[in-house]
Amino acid sequence: MFQEYDVIVVGAGHAGCEAAAAAATMGSSVLLITMNMHTIAQMSCNPAMGGVAKGQIVREIDALGGQSGIISDKTMIQFRMLNLSKGPAMWSPRCQSDRAMFATEWRNVLEQNPNVDFWQDTAKEIIIKDGKACGVKTSLGIEIHSKSVVLTNGTFLNGLIHIGEKNFGGGRTGEKAATGITEQLVTLGFEAGRMKTGTPPRVDGRSLDYSKMEEQPGDENPSKFSYSDTKPLAKQRSCWITYTNSEVHEILRTGFEKSPMFSGRIKGIGPRYCPSVEDKINRFADKDRHQIFVEPEGWDTVEVYVNGFSTSLPEDVQYAALRKIPGFENAKMFRPGYAIEYDYFPPTQLKSTLETHLIQNLFFAGQINGTTGYEEAACQGLMAGINAHQNVHELEPFVLKRSEAYIGVLIDDLINKGTEEPYRMFTSRAEYRTLLRQDNADIRLTEKGFKLGLANQTRLDNVEKKKAEVAEIIAAFSATKLTPEEINPTLAAIGTAPLREKISLAQLLKRPQISIDQLTEASPVVETLLEKFGKDSIHQAEINLKYDSYIEKEMLLVEKMNRLEDLSIIDNFNYDVVTSLSFEGREKLKRTRPSTIGQASRISGVSPSDISVLMLFIGR
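Residue numbers for the sequence shown follow UniProt numbering, so the first one is 1 and each next one is one higher.
Some hints here could point you the wrong way.
Claimed, not checked - Computed cross-link-like contacts, SDA-like style, restricted to lysine to any residue with a CA-CA straight-line distance of at most 20 Å:
hint : residue 1 : residue 2
1    : K86       : F426
2    : K502      : I474
3    : K451      : G27
4    : K132      : E394
5    : K401      : S228
6    : K137      : T182
7    : K451      : S228
8    : K401      : R429
9    : K351      : K86
10   : K451      : D413
11   : K465      : S537
12   : K481      : S523
13   : K546      : F533
14   : K590      : D413
Hints are computed from structural coordinates only; laboratory data are not their basis.
Put together the whole structure using the sequences plus the hints.
Right, here's the structure in full:
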């Protein structure tokens with residue numbers, strides 16, 4: 001009934017979709033197994049993509065040839081660039097998405113790929129022979145064989161949903177949990193744990209009074225995620241902001257004794273940076289209000305997502321508290337919020353390719369690794385799909401360094417440090433964030449994606465053109481000088497010191513008060529110089545000129561770290577023979593099995609003296 005596939009992907013969430021699309025685009029035969037064909041790429045929580053650091057990840061996925069950026073562009077209903085008041089390393093794209101369109105578009109992309117087959121069923125067991133993953137067994141008793149398996153089970157592994165004192169099995173509302181795989185992997189020697197996440201109630205937008213809320217429109221000139229030819233938005237829907245109050249908090253407190261979180265019924269640890277509303281009230285008792293984002297779910301639906309009100313309190317308490325929020329006095333609830341507990345596998349059990357140490361050709365991606373968020377899941381799925389294909393076809397593994405991408409930071413953090421709470425990406429996690437900006441992901445990664453067979457020739461040509469234009473602009477700005485007479489009136493108008501002598505455009509642009517747009521308006525020379533270049537190239541050149549000293553400083557740090565990354569450690573290295581290692585360092589190194597000295601240096605519990613000893617031993 002089934003052929004032997006190159007790659008079987010279990011689960012069709014954001015990680016599973018990117019994994020299947022990547023491996024199939026690269027030429028592997030792929031079977032995508034999902035419990036429900038109608039919930040492929042379901043946005044189980046908020047209908048949005050991107051955000052701080054997350055937007056950078058979506059751009060990186062797109063630059064490599066993944067699909068999340070393109071699909072976000074085609075299905076967004078609002079776009080905003082966050083953190084524009086800060087430096088460009090902090091600028092982060094975010095869009096509000098049409099939930100139904102997003103899922104439909106993802107399914108269309110997968111169905112149009114001739115290398116992707118589908119099977120609606122539940123995977124109950126991994127087929128393993130001689131220490132290698134060779135396929136799956138399903139709940140129907142069918143054995144399907146493959147050369148590799150990618151697990152992207154999300155919140156479904158022994159998922160347990162909590163609403164007040166009620167709990168029931170489920171991977172998300174209305175869908176059953178998945179059993180069998182955790183139990184099998186634990187018997188094989190894998191370590192498993194429990195985590196929790198939550199979601200807010202959904203309400204009827206027709207029942208809300210928006211006049212009592214603060215409107216949050218999209219950007220006046222909206223951008224987009226993809227570096228391809230997707231179109232920016234011509235029209236947008238607004239989101240809205242309102243606040244809880246002391247009356248809301250008091251009503252919520254009446255349900256605390258029935259809260260599964262406070263009563264101890266929930267054992268898993270929830271996301272620190274996206275706490276439930278009851279957790280916020282409990283932890284920040286001095287705050288008399290908390291922000292609520294009122295987010296439409298799409299173009300053609302009245303359903304509204306109440307961002308900031310995640311809760312697992314009894315539904316009657318949720319409803320009573322909601323109606324005390326300004327604008328929600330007559331709110332009708334579509335369904336209550338809930339918390340969900342699920343199994344995950346500490347990611348220190350993985351290689352940098354996301355292949356497991358214990359079983360060859362078995363890959364984990366997404367929430368199974370302890371992460372939270374669509375973007376974090378999608379980039380792991382992309383990397384797991386790429387490396388499953390590379391394994392099957394006996395090609396070099398594909399790994400991104402911390403200095404190359406936020407994706408590299410995320411995976412490096414997971415496999416070396418592990419996580420005991422849902423991991424979310426932030427710009428502060430990246431030590432080279434000046435290099436890892438959202439505007440230059442194409443320059444950083446498109447060539448890599450092209451060499452893999454993911455990014456096409458047109459994308460590569462566009463990047464090469466952009467790089468050439470940026471270099472030409474920088475050269476022209478360095479060579480062109482303005483006189484005090486030409487520019488001083490503009491400098492006076494914006495409140496910066498006048499010139500006393502000629503100065504190059506490059507030097508002038510280093511002033512924080514001056515932008516390239518202001519120079520263009522002030523000087524016909526600049527306007528003529530830039531008229532043949534595209535907007536993206538001009539923007540890129542401005543950032544490179546303005547922040548070149550910071551960029552150069554980070555590049556020196558990268559070079560220093562890369563010396564350690566170039567020092568390889570063989571797979572079966574015997575740490576027990578290095579008697580000078582600390583006991584903790586030896587145990588952590590044996591558990592994580594780092595592939596380079598650089599990776600070893602980032603393992604929690606491995607000291608600088610351990611690294612020195614290891615370097616001396618390997619050198620000897």
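Consistency of the hints with the structure:
About 15 Å separates the Cα atoms of K86 and F426, which keeps this hinted pair within 20 Å; it holds. The straight-line distance between the Cα atoms of K502 and I474 is roughly 18 Å, inside the 20 Å bound, and the hint therefore holds. Taken as a hint, the K451 and G27 pair is honoured in the structure, with Cα atoms around 13 Å apart against an allowance of 20 Å. Proximity of K132 to E394 is assessed by CA-CA distance (about 15 Å); at most 20 Å being required, the pair is judged to hold.
Using a Cα cut-off of 20 Å, the hinted pair K401 and S228 is violated, with the two alpha carbons roughly 24 Å apart. At most 20 Å may separate the alpha-carbon atoms for a hinted pair to count; K137 and T182 meet this at roughly 14 Å. Note on K451 and S228: the hinted pairing holds, with a Cα-Cα distance of about 17 Å set against a maximum of 20 Å. With a C-alpha separation of about 14 Å, the suggested pairing of K401 with R429 holds against the 20 Å cut-off.
For the hint linking K351 to K86, the alpha-carbon distance of about 36 Å lies beyond 20 Å, and the restraint is violated. Between K451 and D413 the alpha-carbon distance is near 26 Å, which puts this suggested pair outside the 20 Å criterion. Proximity of K465 to S537 is assessed by CA-CA distance (about 9 Å); at most 20 Å being required, the pair is judged to hold. At most 20 Å may separate the alpha-carbon atoms for a hinted pair to count; K481 and S523 meet this at roughly 11 Å.
With a CA separation close to 18 Å, the supplied pair K546 and F533 stays within the 20 Å bound. Distance hint between K590 and D413 is fulfilled; the C-alpha atoms sit about 17 Å from each other, no more than 20 Å.
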